[in-house]
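Colleague: Please model the complete structure; the sequences and the hints are all you need to start from.
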Amino acid sequence: MSRWIVRGLRSGVRTSPFPAREDPEANDAPSAVELDVRGLTARTALAAAEACPTDALVAEGDLRRGRLSFDLGQCILCGRCTRLAPEAFRPVHDPRVAVRARGRLSRRVTWSAGGGPVEEAMELELTGRLRERSFRVFGRSLHIRHVDAGSCNGCESELQLLSSPYYDLARLGLFFTPSPRHADALLVTGVVTRNMEAALQETYAAIPEPRLVVAAGVCAIGGGCFAGGIMTHGPLDRLLPVDVYVPGCPPTPLALLHGLLLAVGKAEERRSASPAPVAGAGRKGEG
Amino acid sequence: MSVEFLLAALACFGLGALTGALAEPLPWLRDLSSAASTVGCGALFVAGVLALATPSEAVSLPASTPLGGFELRPTALGGMFWLLTGLVGAAISAYSSGYAPQVGGIRRQSAMLALLGLTFAALAVLLSAGNAFTFLVAWEAMSVLTYALVALEYEHPEAPQAAFLMLALSELGLVATAVAFALAGGFVPGRDFAAIAAHGVDPALRNGAFVLFLFGFGAKAGLLPLQGWLPEAHPAAPSNVSALLSAVVVKMALYGLALSTLVLLGPPPTWWGFLALALGMVTAFYGVLFSLLAHDLKRALAFSTIENLGFMVAMVGAALLFRSLGRPTLEALAVVALCLHALNHAVLKGALFLGAGSVQTATGSRDMDALGGLWRRMRWTGAAFFIGAAGLAGVPPLNGFQSEWLGLQVLLQSHLLQDPAARMALAASGALLALTLALAVTTFIRIFGGVFLGAPRGAAAKEAVESPRSMTGGMVLLGLAAVALGLLPPLGIGAAASAAAEVSHAGDVLDAVLPPVFVHPDRFSTLVTLGGTFLQHVIPANGLVVVPASAGFASIAPTYIFCVLALVIAIVAGLLRLAGAGPHRRVEKRVWAGAIPTYRPSMQYTATGFTNPLRFIFGAVYRSSRDIEGDYQQAPFFVRSITYAHRFVEPVEVYLYGPVVRWARAVSEVAGFLQAGNVSLYLLYLFAVFLVALFLR
Amino acid sequence: MSRLAELAPALGLTPEAGPPGELRAVCASASFTDLAARIAVDAHLSDLFASVNPEGVVLTAVFSLAGDPDWLLLSTLLSGDRFPSLTPRVHAASWYEREIAEMYGLVPEHHPAPVRLRLHDWPEGMPPMRCRLAPGERAPRGERPEVVPEVRGQGVFQLPLGPVRSGPQEAAEFLFNSGGEDLVAVWPRLGYKLRLVERLAEGRPVEAVLALAERLAGTSTFSNGLAFVQAVERAAAVEVPPAARLARTLLNELERLHHHFGAVGRVADATGLLVAAAQYAMLKEEVLRTCAALTGHRYSRGILAPGGLAAPLAAEGMAELAGRLPDWRRRAAGLGALLEDTATFMDRLEGTAVLEPGYAAQHDLVGPIGRSTGVDRDVRRDHPYAAYAELAFEVPTDARGDAEARVRVLLAEIGQSLGIVQQALDRAPAPSAVPPDAPLGAGSALGWAEAPGGETLHFIELDAGGRVRRWRARPPACVNWHPYAHACASGNNLTDYPVIEASFALSHAELDR
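For the record, the sequence lines run as chains A, B and C.
So the first sequence is numbered by my numbering: it starts at 4 and just counts up by one.
So the second sequence is numbered by my numbering: it starts at 26 and just counts up by one.
So the third sequence is numbered by my numbering: it starts at -12 and just counts up by one.
Hints in this document: simulated from the structure, not taken from any laboratory.
Being a predicted model, the structure only gives us computed values, none of them experimental.
Hints should not be assumed to be uniformly reliable.
Keeping only pairs whose Cα atoms sit at most 20 Å apart, straight-line, the calculated DMTMM-like set for lysine to aspartate or glutamate is [claimed, not checked]:
hint : chain 1 : residue 1 : chain 2 : residue 2
1    : B       : K614      : A       : E200
2    : A       : K269      : A       : D26
3    : A       : K269      : A       : E25
4    : B       : K614      : A       : E212
Modeller: So, in structure tokens, the structure goes:
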């Protein structure tokens, strides 16, 4: 047994410094895709919408007049739009992609004869409950009950890595708990399948107030590529009041951490209503 | 004074028996019979109290047999057991009036009530027997009457079989006891107990007498290796009879053992103490081990009786050991522990068996794996059962904790001895006792949890109703008695100390165990600074702190523990109320079981499952084995059903009784030719015996 | 000539043309069961599925023979809704037939236990793969039949586990029957994650279904995507350039590495060896980061495209991999040796959840679980794909079938995978040009890959417009879950259960789809 202890000690400290500092090594994989309106043309908009396998990019109209909807809550990070039109669609390496309101994941761009693409201002529909009451009371210790409502296992794989030495969610006061009666937050992954809906509802009902709901992964947010199936009873906010949405397929571990910290008010959303490129974090030489 | 009450009690019992016998043509006499028995037990209780307080004169009938006359002499030791019998007997009699219809038709009920009255009378006489003849007559009467009581429900084959086994071992014990009394009395007929104690016993005969007494009373007490009848007879009997057996009758054996070894036989050699101590502790450990595996409620309780009796016999052993090493104070302490535990166990086990009877009446089942959730439906039974279970598990501040603690302290006094063998024996016993008590906690959690807590596992448990008031009345009486004994040590310890003082001839036993902090506070500065004079002017007693011989070693004060607990709870509740935490809105939700769609009562631990791991840990003793067999549609695929069986053996049954019975059978087959059925042969035998008698004369 | 090709005429079958490596034969529905049973005597039943044609329902069985690089597909057109069940003669067909019965409404006659496999409260009379529902319409909830074998015994009680389990785990329900510490029986109820991806794929373009195939299961993302893409390429007869094949091999092995690291880490966690669990979790994280550096996604999603790769592997990623690989080899070897030396660890694995080889052989198991019962089968070696034919590696097996055998096979495979990655790096695949979008027409083909859990088999039918008409996905867990209940009940205790589950390392998403 002592050999294990020695081996463990020799590995040193590998824990990510996030969120206190940036962690470029963990951010090779993009956590989201971002739309830069300045690089978008009507042609690329239509082509990207054609190539998108889900409803993340939906285009209406034609080259003369049309509209493109970009919903990060449906983006499965397949990379087609970023390869097709890299000047308009950029991968985001900053893991702070979680949001509180569903509407903040959507952007809309219109073009018409005579003008290039112009972003529409969207009224923020706050589908999540904006809290008057602060949940900072959970800031020191948040106990999370996870429910797999029909995911592909990728999100669970990332969640299990949160307990690994690289991320160690316990240092941030986050814990997974087996009993919902001890839980403060419900973390749901997966498009809510028909067979899991009742179990999900029962788990939610078993969590005492005050409670939070976090939708992790685009399957939970919008159904991803499984949306509209006969066995799909999601998305999650059709069934439960969702407080935080973490996009990604699967969301990277740091994005998940950010989402959980956002839920308890210990982190802030990335304020990028304007399509400024993200500075710093990411691969060398890439923006 | 006590003799008058004794005679009054006997009269009541006679009335009870008579009215019980006449209850067949006149059913309303049943209640009168029970009431008479209850009153008689009350009188017996008072007689016991009086006998403890003042010595009493004897009552005797003129010598009429070669073995002596009929003599009644109340003693303090006997009074202690009278007190116990009266208290528990009153509860059992009250219970019987409500329980009687369970036993059978009116004829059987009348038989039961009559037999109960007679049994109480036999017990009363036994405890005040002044000579061997009276003792043996009462003893035999008790054996035969309890045999009849156990075999009452003879349509279940288990009852007569168990009763027969009990009777067989009883008779074996009787033979041994009779010979032992003869040896103790030096073969002088008619010598009464006082004379034997004064005269002393011939050293050549003493050891034999001791072994035979241990064997004889051990057979009735359920001492290893003669305990085989107890786990059969106690469950098979009707529940009030089980309570009587477990709570009262086995204490008679203990009384006999204490009387014979501590009072009659004089100064013992040390090996007597070792032997009794060893047998007692092994019995206790054996009892608790098998209590953990039994799934029949009453069988588990019967094994617990074996455990407690082993403990009490070990206390006798400790007393003998201390006496042989010349430590009268420690000997008295051991006797105090013995008497106190006898009283406490009687009250608690009585409550448990009466509760078990109530459960069986309500649900028709004794299988703990099929019950559950009875707490919601049977509150009184549950409360009484809980006090019994918690008490025997040794939960402070109840009475069981007191006597078990005292017993452990007795064994820990080994540090005061010089003899290395004695120290080791006591230390080893103490360790084994600690293990036994820990397992006892497990077994009572299991019993109470399996029967009363959780969700009902079957239809019978789901529809149980509380028992009639006479039955709950009896149980509640015992529960209250247990609580009173626990909260007020002077009650139990005062009685035990009187008995111990008489037995060990040590003075001031009460002061040694219950220091007179109230009366002489100046002598106990440490205890007084710790608050030992609290309630001084409220309760007239020596004090409320229990110590094993010296206050510097250890002490407990159950009354104060209870007061502190109550105070803390009250303060916390009050603070919470002040802080605004009012009674919350109650929301009933489904049990959390991983969001499984249908939750069934089978999804909770059973009593058997609770102690399953112990079956592996003590596998060497149990020789346990398990068997899983599947029934397949297309073997080995598509299983339709699976049967799981686990087996264990009781070593004494397999390795001792089995061979003995086989040997006895073999011998009797071989010797069968002696009983050829030929009249001439029998005449030849008679003639031969006649010749031998002539020659011996 | 392959043995399968010789076998076909002996059975009276005329093999038809198909993509290379596939022998297709059609037979009458009356003789299908008999023929399949006779073939299955020697061959491995790899899949049995149904698909709907304009003419009716077609049943297809896929066989492969040990040592033979070809597959045999035996199809028949059913005349009605009933067909004689293959299960009494070939036990491996049992779960396939249950799935066909519930999804297509067919009745396998004389199947000993044709109970539902993945459906819970779906109403009768509406087979999900054939019923018509308007978009957004939900089927009503019917009865949920409880078919659980009875367990009798004094004191036996039940312990439910799931579907919502303790940590971040997949949703599945296990009903334990226990005598306290003894584990008497375990009945798994699966299907909680049923998304019915095969129905979602119908009518969608190949790129969309590729995204579905990758998201079938997370820990075998790349393998499933690769099997699907190879099916498309074989259906369209598209060649894949060698550099792309080598790159695919590399990514396939990296996926095997991170899955196995995670699996061994979970076994160590289940036995309480927390340092080992942490060490393996760190290795898994490093492999995932390297995959992200290579492909832009930690699980290598979005890198596959029919005809090659959607983008070349990043040069910095290759450099990072080359730098980390020696460190991984050293650490993996050291940790493996230390684990085998840790008596407390190995003792809990020895004799736990034994899958007797004879029993296991009836189920045609695949992957490390099959290999731990002595089944020497690996599609990388037996039906080489990507660049495996040019690389040297061994396939470790162990014949004991207990948890220790499974873990030893995993550890040996880790070593082999690291070796394959080294060989692939040595050949230094040059970044290949992205192939143009291949025109796709009608066709059908089989595609396969060795996922970390075993062989994953995909079958697609494309219509004239290049859209998917029928997609059949049979990931390895579909087969390997089958003997799980039996393995659990072979004389284990409750405290063994986490070890059993971790040693199997099965994915629920793969079965439920």
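Colleague: Against each hint, give a clear statement of whether it holds in the structure.
Modeller: How the hints compare with the structure:
Using a Cα cut-off of 20 Å, the hinted pair K614 (chain B) and E200 (chain A) holds, with the two alpha carbons roughly 18 Å apart. With a CA separation close to 18 Å, the supplied pair K269 (chain A) and D26 (chain A) stays within the 20 Å bound. Under the criterion of a C-alpha separation no larger than 20 Å, the hint pairing K269 (chain A) with E25 (chain A) is consistent with the structure, at around 16 Å. About 14 Å separates the Cα atoms of K614 (chain B) and E212 (chain A), which keeps this hinted pair within 20 Å; it holds.
The structure fails none of the hints (numbered hints given earlier).
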